[in-house]
Amino acid sequence: MKLKNKELKKKLLRQLPLILLFISVLNNFDFNYLGLKYFSFNFSYILIFYFSLKRSYSLGYIYIFIAGLFNDVVNGSPIGMSSLMYLFLCGVAAYLRVITLRTSLFKDWIAFMSAILVLNSLSFIIVNLFFGFEISFINQIVNIFFTSLLYLLFSSFFNFFIGNSNVR
Amino acid sequence: METSRDDFVIAIRSAFLKKQNQQRFSLFGLIVFSSLILILGGFNFKPINYLKLAIKEIAYRSTFIVSVPENFIKEKYQTTQEHINLYNVNERNESELKDLKAKDLLNNFLLLENQRLKLIVEDYLVENDKIYAKVLSDKSSPYLKSIIINKGSKHGINLGAVVKDKEYLIGKIVEVNYTTSRVLLLSDINSKIPVLIEPQGLLSILSGTGEKEGIIQYSKVENIIEDTSIVYTSGVGGLFKAGIPVGKINKNNTANLNGKVDFFSDFSQLKFIEVLFFEKRASE
Chain A
1 MKLKNKELKK
11 KLLRQLPLIL
21 LFISVLNNFD
31 FNYLGLKYFS
41 FNFSYILIFY
51 FSLKRSYSLG
61 YIYIFIAGLF
71 NDVVNGSPIG
81 MSSLMYLFLC
91 GVAAYLRVIT
101 LRTSLFKDWI
111 AFMSAILVLN
121 SLSFIIVNLF
131 FGFEISFINQ
141 IVNIFFTSLL
151 YLLFSSFFNF
161 FIGNSNVR
Chain B
1001 METSRDDFVI
1011 AIRSAFLKKQ
1021 NQQRFSLFGL
1031 IVFSSLILIL
1041 GGFNFKPINY
1051 LKLAIKEIAY
1061 RSTFIVSVPE
1071 NFIKEKYQTT
1081 QEHINLYNVN
1091 ERNESELKDL
1101 KAKDLLNNFL
1111 LLENQRLKLI
1121 VEDYLVENDK
1131 IYAKVLSDKS
1141 SPYLKSIIIN
1151 KGSKHGINLG
1161 AVVKDKEYLI
1171 GKIVEVNYTT
1181 SRVLLLSDIN
1191 SKIPVLIEPQ
1201 GLLSILSGTG
1211 EKEGIIQYSK
1221 VENIIEDTSI
1231 VYTSGVGGLF
1241 KAGIPVGKIN
1251 KNNTANLNGK
1261 VDFFSDFSQL
1271 KFIEVLFFEK
1281 RASE
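From first to last, the protein sequence lines are chains A and B.
All letters in the first sequence, in the order written, are residues 1 to 168 by this note's numbering.
All letters in the second sequence, in the order written, are residues 1001 to 1284 by this note's numbering.
A portion of the hints provided could be inaccurate.
In silico lysine-lysine, DSS-like type, Cα no more than 27 Å apart, as pairs [claimed, not checked]:
| # | chain 1 | residue 1 | chain 2 | residue 2 |
| --- | --- | --- | --- | --- |
| 1 | B | K1018 | A | K107 |
| 2 | B | K1019 | A | K10 |
| 3 | B | K1019 | A | K107 |
| 4 | B | K1154 | B | K1172 |
| 5 | A | K54 | B | K1018 |
| 6 | B | K1260 | B | K1164 |
| 7 | B | K1076 | B | K1166 |
| 8 | B | K1019 | A | K11 |
| 9 | B | K1019 | A | K54 |
Over the 12 Å line for every Cβ pair with chain A, so calculated as not near, a few chain B residues [as the list claims (entries may be wrong)]:
| # | residue |
| --- | --- |
| 10 | E1091 |
| 11 | R1092 |
| 12 | S1095 |
| 13 | E1096 |
| 14 | K1101 |
| 15 | Q1115 |
| 16 | H1155 |
| 17 | D1165 |
| 18 | K1166 |
| 19 | Y1168 |
| 20 | L1203 |
| 21 | A1242 |
| 22 | G1243 |
| 23 | I1244 |
| 24 | F1264 |
Source of the hints: derived by calculation from the structure; they are not laboratory data.
This one's a predicted model, so the numbers in the text were calculated from it and none came from an experiment.
All residues carry an ideal CB built from backbone N, CA and C; glycine is no exception.
Given these sequences and hints, build the entire structure.
What follows is the structure, encoded as structure tokens:
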């Protein structure tokens, strides 16, 4: 019985990033009920980048792709858009994983910040020029700022929670 | 120089083309596939639309279930806030109620008179049908300020139908699925509706800002807007019935030339809404 429980816990812990990813795309943690005007962040970006970088086996590319489709449907953005952004983010993480020998949170953070800056600009261009949606610049900048800032917090939290062993 | 370029190419190839353990598809393959979906979706390719419809039906229901814990926390937070402010709110409500009771008597007379006059000029829209719907999800994204409701084409919802929260306009239907629909809120940056500003009687366009407020656009006379101005639908274009209350002008926010409008309805608190259909009634 104990062994079974342990195995179940292990399995759950293994699937936790995936469960979190689908909850985050379906739920969009936005804290809008707090009434904070200039606060929003993209938890999915943090989750995908962290786990693609540190535990690439936790999130399969195909699941990330499907999560992106769900995110587009929930947010009302053009279908395929989030999938593309998520996969590019995975690409950046995978590239970083290949070229890095010694891990450093600061370097990961810089790479993450640059990546989401480019990805958000790209999504802005696609959505604005090709699909004719209007997006608020300020909202985008606030989102990028808090997403990059909260990466440090969540990264430390994941390291603490899941354990820093067996990384890269 | 050449070695570093080779390293870069190898790293890129390894990141994008190599299939990792338990991965059936390479990153590059999926990126190409996503781009294809995005492009074909842009051209309204039929299979992509069917795929979208299928995902919508699953995602909207799942969103409702997944949001249960967050909605619970949200509800508790709001209940606490309401309890804290209870005394002040009650005092304000009592004084408002006295004023409103007095105004109501006059209002009834004006309403009847207005109906009679509008019938004479054949510009009177009557409520044809009303459907109550539950809000499944109120997640706002940088792209869209919208809500998803649990009624769709199966229940007779049509594109462009007017959506109200009690007596206040909150938006219109922009997407209809079989059992769900999406309502574009007035606060969305892409929302633009013809309005009438009273008591000045100014016709204008109310646009969303992506924030909590709306903004009055295309009006040359912003500076005569008073603190007490109320914004109603004007009925121009025939989509909305004239006279549905939308919001009031917040003079504190009119430092710039455009007047900002505080909506009467709080879009983050929507639980049940009304979807209305109107038809024109000619005079007898």
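Hint-by-hint comparison with the structure:
1. In summary, the hint linking K1018 of chain B to K107 of chain A is supported, as the alpha carbons are separated by about 24 Å, within the 27 Å threshold.
2. Simply put, K1019 of chain B and K10 of chain A have alpha-carbon atoms about 25 Å apart, close enough for the 27 Å limit, and the pair holds.
3. Between K1019 of chain B and K107 of chain A the alpha-carbon distance is near 25 Å, which keeps this suggested pair within the 27 Å criterion.
4. Note on K1154 of chain B and K1172 of chain B: the hinted pairing holds, with a Cα-Cα distance of about 18 Å set against a maximum of 27 Å.
5. A hinted pair counts as satisfied when its Cα atoms are at most 27 Å apart, and K54 of chain A with K1018 of chain B qualifies at roughly 17 Å.
6. Straight-line distance between C-alpha atoms of K1260 of chain B and K1164 of chain B comes to about 21 Å, which keeps the hinted pair within the 27 Å bound.
7. Restraint check: the Cα-Cα separation between K1076 of chain B and K1166 of chain B comes to about 23 Å, which is no more than 27 Å; the hinted pair holds.
8. Taking the CA atoms of K1019 of chain B and K11 of chain A, the gap is near 23 Å; set against the 27 Å cutoff, the hint holds.
9. Taking the CA atoms of K1019 of chain B and K54 of chain A, the gap is about 17 Å. The hint holds against a cut of 27 Å.
10. Here E1091 of chain B stays apart from chain A, with its beta-carbon at least about 22 Å from theirs, past the 12 Å limit.
11. With 12 Å as the threshold on Cβ separation, the claim that R1092 of chain B sits away from chain A holds: the shortest Cβ distance comes to roughly 19 Å.
12. For S1095 of chain B, the requirement that its beta carbon stay farther than 12 Å from each beta carbon of chain A is met, with the minimum near 25 Å.
13. Against the 12 Å criterion, E1096 of chain B stays outside the reach of chain A, whose nearest CB is about 23 Å from its own CB.
14. The beta carbon of K1101 of chain B is kept farther than 12 Å from every beta carbon of chain A, the shortest such distance being approximately 32 Å.
15. With 12 Å as the threshold on Cβ separation, the claim that Q1115 of chain B sits away from chain A holds: the shortest Cβ distance comes to roughly 38 Å.
16. The non-interface label for H1155 of chain B is consistent with chain A: the shortest C-beta to C-beta separation is roughly 20 Å, beyond 12 Å.
17. Non-interface call for D1165 of chain B relative to chain A: holds, since the shortest CB-CB distance, roughly 17 Å, exceeds 12 Å.
18. No beta-carbon of chain A comes within 12 Å of the beta-carbon of K1166 of chain B; the shortest separation is about 20 Å.
19. For Y1168 of chain B, the shortest C-beta to C-beta distance to chain A comes to about 19 Å, beyond the 12 Å cut-off, and the non-interface label holds.
20. Distance check on L1203 of chain B: its Cβ is at least 23 Å (rounded) from any Cβ of chain A, clearing the 12 Å threshold; non-interface status holds.
21. Distance to chain A confirms A1242 of chain B as a non-interface residue, since its nearest Cβ pair spans about 27 Å, more than 12 Å.
22. The beta carbon of G1243 of chain B is kept farther than 12 Å from every beta carbon of chain A, the shortest such distance being approximately 28 Å.
23. The Cβ of I1244 of chain B sits about 24 Å from the closest Cβ of chain A, beyond the 12 Å cut-off, so the non-interface label holds.
24. Residue-level check passed: F1264 of chain B sits 17 Å from the nearest beta carbon of chain A, beyond 12 Å.
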